[in-house]
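> Take a look at the letters that make up each chain.
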Amino acid sequence: QKEVEQNSGPLSVPEGAIASLNCTYSDRGSQSFFWYRQYSGKSPELIMSIYSNGDKEDGRFTAQLNKASQYVSLLIRDSQPSDSATYLCAVNRWGGATNKLIFGTGTLLAVQP
Amino acid sequence: KAGVTQTPRYLIKTRGQQVTLSCSPISGHRSVSWYQQTPGQGLQFLFEYFSETQRNKGNFPGRFSGRQFSNSRSEMNVSTLELGDSALYLCASSWGQGTYNSPLHFGNGTRLTVT
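Chains as they are written, first to last, in the working numbering: chain A, 1 to 113; chain B, 1001 to 1115.
Simulated from the structure, these hints should not be mistaken for laboratory data.
A hint or two may mislead.
Stated by the list, open to error - Quick list of simulated restraints, FRET-style, between CB atoms:
| id | chain 1 | residue 1 | chain 2 | residue 2 | range |
| --- | --- | --- | --- | --- | --- |
| 1 | B | Asn1059 | A | Asp78 | 39 to 47 Å |
| 2 | B | Gly1040 | A | Ala110 | 17 to 25 Å |
| 3 | A | Asn22 | B | Tyr1010 | 28 to 36 Å |
We put the beta carbon where it would ideally sit given N, CA and C, even for glycine.
The shape of chain A in the complex, shown without the other chains (with noise of 0.2 Å):
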């Protein structure tokens, strides 16, 4: 069972439509949630963190977790052509003394115009 595991994709959606990228992990004690977005061949940016469970919202973003599940999503409302991207799923195990993350393979998304 891989660490962090994300559905490679790609996720189509149309213009306008709720994108639901879904992200799971494996160890129990992970504290720390990032989202990360990748253009083709850009670097990764950091679309959103949460740390507790339930819904943090940033514009037309919003990150869910769930700790007793295991479980991160990220949604996208009104999914844009610029959207269009691999969106990263990222995991801190061990809290405060490290910086170190595990990635999951991350999801492509495409937005259809």
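Take the given structure of chain A and dock chain B to it, following the hints.
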């Protein structure tokens, strides 16, 4: 505020050579981490430095090494290059440790090709 700067952007080396990659973190950031990204393995942690000390190391052979200077700039070195070392090498910085309210910000990466 300038972002994380990595140099060079592209490198082509031959097997057996060594290479040094450089990273300048965001001003004020004291933590620098290095990651290797390949199509097959995704992003994999190499090592992490904070205040000139290596705080964590990933599962890479000893050919991969790094260091951090007093101004927080960091370098990583790969000796005796192998074809499998071809990858995008990403540097990330943050102001503190633990990522709680101190997330990583990535540079544009150095694309290393080993022939």
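> All hints, please: hold or fail.
Hints, verified against the model:
For the hinted restraint 39 to 47 Å between Asn1059/B and Asp78/A, the CB-CB distance of approximately 41 Å keeps it satisfied. For Gly1040/B paired with Ala110/A, a C-beta distance near 22 Å keeps the hint of 17 to 25 Å intact. For Asn22/A paired with Tyr1010/B, a C-beta distance near 35 Å keeps the hint of 28 to 36 Å intact.
Of the numbered hints stated above, none is contradicted by the structure.
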